[in-house]
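Visitor: Just need the whole structure built from these sequences, with the hints factored in.
Number of protein chains: 2
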Amino acid sequence: MLTYTLDKDKGHLSRELYKALKNDIEEGKLKRGEKLPSKRTFARNCSVSTITVQNAYDQLVSEGYIKAIEKKGYYVSDSVVKKKSKVSYLVEEDEETTIVELPDLSNNRVNVDNFPFSIWSRIMRKTMAEKQNLLLSPMKTEGVYELRRAISHHLSSFRGMAVSPSQIIVGAGTEYLYSLIIQILGRDRLYALEDPGYMKLERIYNANGVKSIKVELDDKGLSSSTLEKSNADIAHISPNHHYPTGITMPLDRRYEILSWAAKEDERYIIEDDYDSEFRVSRNPVPTLYTLDTSGSVIYMNTFSKSLASTVRISYMVLPDSLAERFKDNFSFYSSTVSSFEQYTLASFIEEGFFEKHINRMRLYYIRQRQAVLSLLSSSLMKDKCSVIENDSGLHFILRLNTVLSDKEVKEILYREGIKISALSDYSRSSSISHDFIISYSNLDMDAFKKALRILSEII
Amino acid sequence: MLTYTLDKDKGHLSRELYKALKNDIEEGKLKRGEKLPSKRTFARNCSVSTITVQNAYDQLVSEGYIKAIEKKGYYVSDSVVKKKSKVSYLVEEDEETTIVELPDLSNNRVNVDNFPFSIWSRIMRKTMAEKQNLLLSPMKTEGVYELRRAISHHLSSFRGMAVSPSQIIVGAGTEYLYSLIIQILGRDRLYALEDPGYMKLERIYNANGVKSIKVELDDKGLSSSTLEKSNADIAHISPNHHYPTGITMPLDRRYEILSWAAKEDERYIIEDDYDSEFRVSRNPVPTLYTLDTSGSVIYMNTFSKSLASTVRISYMVLPDSLAERFKDNFSFYSSTVSSFEQYTLASFIEEGFFEKHINRMRLYYIRQRQAVLSLLSSSLMKDKCSVIENDSGLHFILRLNTVLSDKEVKEILYREGIKISALSDYSRSSSISHDFIISYSNLDMDAFKKALRILSEII
Numbered sequence: 000m001l002t003y004t005l006d007k008d009k010g011h012l013s014r015e016l017y018k019a020l021k022n023d024i025e026e027g028k029l030k031r032g033e034k035l036p037s038k039r040t041f042a043r044n045c046s047v048s049t050i051t052v053q054n055a056y057d058q059l060v061s062e063g064y065i066k067a068i069e070k071k072g073y074y075v076s077d078s079v080v081k082k083k084s085k086v087s088y089l090v091e092e093d094e095e096t097t098i099v100e101l102p103d104l105s106n107n108r109v110n111v112d113n114f115p116f117s118i119w120s121r122i123m124r125k126t127m128a129e130k131q132n133l134l135l136s137p138m139k140t141e142g143v144y145e146l147r148r149a150i151s152h153h154l155s156s157f158r159g160m161a162v163s164p165s166q167i168i169v170g171a172g173t174e175y176l177y178s179l180i181i182q183i184l185g186r187d188r189l190y191a192l193e194d195p196g197y198m199k200l201e202r203i204y205n206a207n208g209v210k211s212i213k214v215e216l217d218d219k220g221l222s223s224s225t226l227e228k229s230n231a232d233i234a235h236i237s238p239n240h241h242y243p244t245g246i247t248m249p250l251d252r253r254y255e256i257l258s259w260a261a262k263e264d265e266r267y268i269i270e271d272d273y274d275s276e277f278r279v280s281r282n283p284v285p286t287l288y289t290l291d292t293s294g295s296v297i298y299m300n301t302f303s304k305s306l307a308s309t310v311r312i313s314y315m316v317l318p319d320s321l322a323e324r325f326k327d328n329f330s331f332y333s334s335t336v337s338s339f340e341q342y343t344l345a346s347f348i349e350e351g352f353f354e355k356h357i358n359r360m361r362l363y364y365i366r367q368r369q370a371v372l373s374l375l376s377s378s379l380m381k382d383k384c385s386v387i388e389n390d391s392g393l394h395f396i397l398r399l400n401t402v403l404s405d406k407e408v409k410e411i412l413y414r415e416g417i418k419i420s421a422l423s424d425y426s427r428s429s430s431i432s433h434d435f436i437i438s439y440s441n442l443d444m445d446a447f448k449k450a451l452r453i454l455s456e457i458i
Numbered sequence: 000m001l002t003y004t005l006d007k008d009k010g011h012l013s014r015e016l017y018k019a020l021k022n023d024i025e026e027g028k029l030k031r032g033e034k035l036p037s038k039r040t041f042a043r044n045c046s047v048s049t050i051t052v053q054n055a056y057d058q059l060v061s062e063g064y065i066k067a068i069e070k071k072g073y074y075v076s077d078s079v080v081k082k083k084s085k086v087s088y089l090v091e092e093d094e095e096t097t098i099v100e101l102p103d104l105s106n107n108r109v110n111v112d113n114f115p116f117s118i119w120s121r122i123m124r125k126t127m128a129e130k131q132n133l134l135l136s137p138m139k140t141e142g143v144y145e146l147r148r149a150i151s152h153h154l155s156s157f158r159g160m161a162v163s164p165s166q167i168i169v170g171a172g173t174e175y176l177y178s179l180i181i182q183i184l185g186r187d188r189l190y191a192l193e194d195p196g197y198m199k200l201e202r203i204y205n206a207n208g209v210k211s212i213k214v215e216l217d218d219k220g221l222s223s224s225t226l227e228k229s230n231a232d233i234a235h236i237s238p239n240h241h242y243p244t245g246i247t248m249p250l251d252r253r254y255e256i257l258s259w260a261a262k263e264d265e266r267y268i269i270e271d272d273y274d275s276e277f278r279v280s281r282n283p284v285p286t287l288y289t290l291d292t293s294g295s296v297i298y299m300n301t302f303s304k305s306l307a308s309t310v311r312i313s314y315m316v317l318p319d320s321l322a323e324r325f326k327d328n329f330s331f332y333s334s335t336v337s338s339f340e341q342y343t344l345a346s347f348i349e350e351g352f353f354e355k356h357i358n359r360m361r362l363y364y365i366r367q368r369q370a371v372l373s374l375l376s377s378s379l380m381k382d383k384c385s386v387i388e389n390d391s392g393l394h395f396i397l398r399l400n401t402v403l404s405d406k407e408v409k410e411i412l413y414r415e416g417i418k419i420s421a422l423s424d425y426s427r428s429s430s431i432s433h434d435f436i437i438s439y440s441n442l443d444m445d446a447f448k449k450a451l452r453i454l455s456e457i458i
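Protein chains in written order, with numbering that gives the first Met the number 0: chain A, 0 to 458; chain B, 0 to 458.
Hints in this document: simulated from the structure, not taken from any laboratory. Among the hints, a few may not be true.
To be verified - Derived pair list, reagent style DSBU-like, types lysine-lysine, alpha-carbon separation capped at 30 Å: (1) 355(A) to 21(B); (2) 406(B) to 326(A); (3) 406(B) to 199(B); (4) 409(B) to 383(B).
Guide: Here it is in structure tokens:
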């Protein structure tokens with residue numbers, strides 16, 4: 000709302016107002032073509048009479064700063080020459096909204112065609128029409144009950160997990176939930192992270208003032224002996240589908256890791272199950288959470304992968320003792336997810352749309368993968384590479400038979416306008432090489448074809 | 000999605016499936032009346048033939064566990080007797096969604112009638128129809144540009160602040176933004192908090208592993224001498240409308256505090272301007288951010304007060320040097336607010352609805368306050384109390400002429416089913432007494448009348 004504080008003692012209120020407006024127009028705070036408030040509104044805002052506003056407007060019109068359009072009101076003239084502003088915000092008006100992106104063979108962004116906009120829009124509308132009271136009621140720290148219950152049903156039917164809604168904490172993204180975990184488990188603990196693995200995790204722990212240590216994986220994932228050697232208290236892992244290797248930790252190794260955690264009271268496992276919905280084959284290994292009997296596993300998942308990365312809803316399941324600790328010590332926090340989206344997502348799940356969406360997406364991804372693989376096998380690259388996948392949901396590893404370094408491969412493709420990530424980008428180990436990530440969730444087929452052609456020429 | 004892992008080597012797949020389903024029905028994982036997947040879907044999920052599913056379903060029907068409804072499908076029977084479950088999540092099914100609340104004279108929740116549901120719903124629908132690509136595009140850590148630009152326009156016209164969109168960070172609530180500030184400014188700093196003030200702040204800093212110190216206010220708010228004595232590096236204050244005292248820090252004191260901050264490079268002020276939109280009188284003191292010339296002020300505000308506390312969108316404005324520091328070090332974080340709500344709010348502001356909403360609410364609150372004050376002045380309490388307010392937006396302080404302690408007053412009212420908070424609840428100082436918070440934003444008038452009657456009898 001446009002308003003000015005006018006010094007009534009000075010007496011010339013309309014002059015004051017005229018100067019303030021003129022200044023703001025010159026400085027660009029009031030933009031060309033911008034509509035000014037009606038005289039009445041403006042007078043009320045500034046606690047002056049409408050005649051004062053009228054006088055100021057008249058003067059500005061006569062000087063060409065603003066123009067009056069009949070029956071519409073007053074507008075800043077299009078022809079005003081702006082003074083050089085001392086503030087930076089005008090310069091930045093053209094900050095780009097959409098960043099022009101090169102096709103990225105490793106980028107697993109959701110395809111717009113696949114987000115269920117019409118259903119989501121309908122449920123959102125219905126929620127706003129029918130749940131107004133609930134939508135504005137204070138929320139629990141852990142999120143609205145309806146959503147936590149829906150998640151508990153989903154985990155039960157989809158993952159065979161028996162979880163009470165009271166163990167579930169909904170939050171604005173997994174990164175936020177990590178910061179809560181740090182608060183629950185303690186800042187003075189050592190967190191073990193997988194190598195290779197998401198490099199971001201290390202930065203997040205670091206930004207939260209917490210020490211972490213990288214622990215190397217073997218072909219079954221993390222082992223209890225390397226964990227034991229690391230002296231870590233907490234293991235942050237993704238056993239069900241490791242990114243980017245695609246490793247699914249086998250059952251024996253799971254029991255091994257669980258036994259590591261059970262040995263000490265304050266040892267915990269953070270089980271990140273971020274894309275379990277999209278496993279291609281249907282032979283899921285039970286989650287660590289399910290196998291655990293000592294209350295040592297925090298299970299995490301997100302709707303960023305299964306719905307859209309820009310819908311910021313994730314959740315974690317705390318074992319009973321930690322759920323209590325959380326309630327005792329952190330209930331003062333506000334929930335970080337809008338009630339509007341929590342209730343919408345709850346209905347989306349409970350009415351079966353989430354399951355339908357997952358089924359459709361799974362089918363879509365299976366077809367996508369087949370198309371990508373058949374493109375590969377009919378290309379000249381066929382004999383110069385191999386595909387490594389462990390039931391990966393949304394990507395596979397393309398291993399190139401080449402002497403070129405990963406850096407060289409990436410640079411050659413980048414010069415041709417194509418981005419790709421290597422497995423080595425996710426590790427500090429020098430032994431990993433020649434493995435590239437092909438994410439087929441939303442792959443640009445033309446770019447992929449082009450990349451195969453270029454690669455076949457240089458390898 | 001309902002699915003089971005069946006051991007194909009055992010041979011009796013339909014028997015396996017039958018047992019798994021029966022078990023889940025008995026344990027209550029599959030609820031009475033719940034619809035089972037169609038034979039085809041279920042077969043695909045479990046990687047078995049439909050005849051296998053058919054056999055399992057038939058057996059369960061014959062035993063009464065499920066029933067077939069013509070043209071609709073299979074449902075779990077209503078009459079199944081559940082086994083006592085070993086898991087807790089069934090017991091909790093009846094966790095209450097809406098907590099029955101006593102009327103609270105100090106609670107400043109938004110009135111449902113005042114949230115612009117129909118406009119919000121319309122803009123949300125429009126956003127989903129027209130901005131599908133943008134909605135699913137990766138977001139910057141600091142939030143989508145359109146919203147930051149809208150906020151910058153709002154701050155310019157409403158607060159006279161010249162702020163570039165690139166200085167603005169949008170986040171899921173101020174509490175989350177505090178945790179970012181701690182990461183930007185450092186965990187090893189001492190944070191000064193106001194006494195009286197929001198008790199929650201101390202808990203938030205504490206939970207983030209950061210030291211804070213309470214600094215007593217005088218009648219102008221925080222002073223630079225007490226700040227200096229505290230040895231704090233950072234002052235977290237609400238100078239424009241302090242809660243709960245209602246103090247607006249006068250201009251001289253503002254300069255004093257700014258000069259305290261300018262003395263050392265790494266001294267900062269966090270200026271929390273949480274309800275500036277609703278000031279009753281129109282003579283706003285400029286924000287510390289506006290007066291500051293040394294880049295020492297972080298300005299914060301939220302839409303929790305101006306829209307609804309369950310819409311989790313807040314923002315902060317960083318001085319240029321900190322904005323750069325943020326971009327250099329923390330751009331790896333994901334934005335914590337859904338793009339759907341960010342774009343909706345951006346349009347809501349840019350199309351003028353936010354200003355209209357604020358104007359309507361301000362008028363509503365002015366009337367509310369008048370109604371509450373006239374009720375008070377016509378009651379028997381009239382001469383037993385006084386009203387203290389400093390242009391408070393949404394509450395005032397009711398000072399009682401009583402010998403009763405704050406605790407006694409609260410207990411007497413609580414026994415009659417009415418909650419109230421005292422100023423002393425927000426302070427560790429023993430000198431504050433007899434001052435109670437009356438929040439008229441959504442006051443239960445009957446409860447207020449009743450409270451006045453009870454108070455007039457005991458005082």
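Visitor: Confirm or reject each hint.
Guide: Hints versus structure:
no., hint, in the structure
1, 355(A) to 21(B), "24 Å, holds"
2, 406(B) to 326(A), "26 Å, holds"
3, 406(B) to 199(B), "20 Å, holds"
4, 409(B) to 383(B), "17 Å, holds"
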